[in-house]
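Enquirer: Below, each chain spelled out in residue letters.
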Amino acid sequence: MRRILVLLPLLIFVGLAIFLWRGIGQDTTTIPSPLLGKPVPEFSLTSLYDENQVMSAKDFSGPALINVWATWCPTCKQEHAQLNRIARDEGVTIYGINYKDDRAKAKIWLEKYQDPYAKNVFDPQGRLGLNLGVYGAPETYLIDAEGVIRYKHIGEVTERVWQTLKAEMQRLETGS
Amino acid sequence: MKTVSRIFLIGWLVLISQAGFAAIDTYEFRDELTRERFQALSAELRCPKCQNQNIADSNSPIAKDLRDELYRMLDSGASDSAIVDFMVTRYGEFVLYRPRVSSQTYLLWYAPVGLLVIGIAVVIALTRRKKSADKSVEKTGLSAKEQQRLDALLKQNQDKDA
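Chains A and B are the protein sequences, given in the same order.
With this note's numbering, the residue at position 170 of the first sequence is 170, and numbering never jumps.
Counting the second sequence from 1 gives a position; this note's numbering is that position plus 176.
The shape of chain A in the complex, shown without the other chains (with noise of 0.2 Å):
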């Protein structure tokens, strides 16, 4: 019992370390989002594309990734070969947000750099964006067949991130 009690402080120590440990290197920069698990959020925006055409909630049907980005976020410019890339080669659909930006400017974009989206919502208050937590842009978004969330990625998608959404897309079409 003694040589117990002698011995506590150590354990306390080792068991607080090793709880320290662990939140070391952890990227503290990401929160989880509440939002897994539940339906995109209902919005009626119009498409960057066409002003006159209203889109909603409806227009996104999976399986899918939904990008949000504007011209003003450079890393949004970091990511888009990349997502030009996916769109093309890995014949994956993705939907955009254009998040608080200028209609004129992102079309600029779109034809300067290239288009991976098969559609793209104009949302230039970023209500939508609020609706779906984004506090940073780039953010992506996989959507499953029903149009519930089942995972989002904050930050630029790179080839590693791709290869995470690529995972999670297979194991979604296996697994339904």
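Fair warning: there could be bad hints in the mix.
List time: in silico DSSO-like cross-link candidates among lysine-lysine, alpha-carbon distance up to 30 Å [unchecked claim]: (1) B:Lys225 to A:Lys119; (2) B:Lys240 to A:Lys119; (3) B:Lys225 to A:Lys166.
It should be emphasised that the hints constitute simulated quantities derived from the structure, not laboratory data.
Since the structure of chain A is already known, use the hints to place chain B on it.
Expert: Showing chain B alone in chain A's frame:
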């Protein structure tokens, strides 16, 4: 000369004072209570992008959006809990500087009390043990075992001397 330097000083003060106003937006509140609720809520909601600032302090675009949303909701007569729910369903429990009591946060809320109780228990146990130990070493300050050992050593020495 003196007035010139004074003018420079005033100009300088006006320039640097801009920094302090950076995060202040001009909202028109309908009454003093709404203003107070706005200030309380914006101080308690955490900016998701800048993490160590609340949305009142932060200059990031998302904090501005959340302040606008907060203002809009207050203006439309939403209750405090409705506003907090709105933020949590979009940005998660993370946005609350004062987390709600739930099964996930029991440890956070009750661990300090638990640790305090354990600490008090340990202190009481230690003082009790000390007291009972004190009783057995009343006269010489030695325990019964130590007394026996002392006697044995003294006896050994006496035997050597003899």
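Enquirer: Lys225 (chain B) and Lys119 (chain A) were given as a pair; does the straight-line alpha-carbon distance stay at or below 30 Å?
Expert: 27 Å, holds
Enquirer: Lys225 (chain B) and Lys166 (chain A): Cα distance at most 30 Å?
Expert: 27 Å, holds
Enquirer: Lys240 (chain B) and Lys119 (chain A): Cα distance at most 30 Å?
Expert: Measuring from Cα to Cα gives roughly 28 Å; hence the hint holds.
In the structure shown, no violation is registered for any of the earlier numbered hints.
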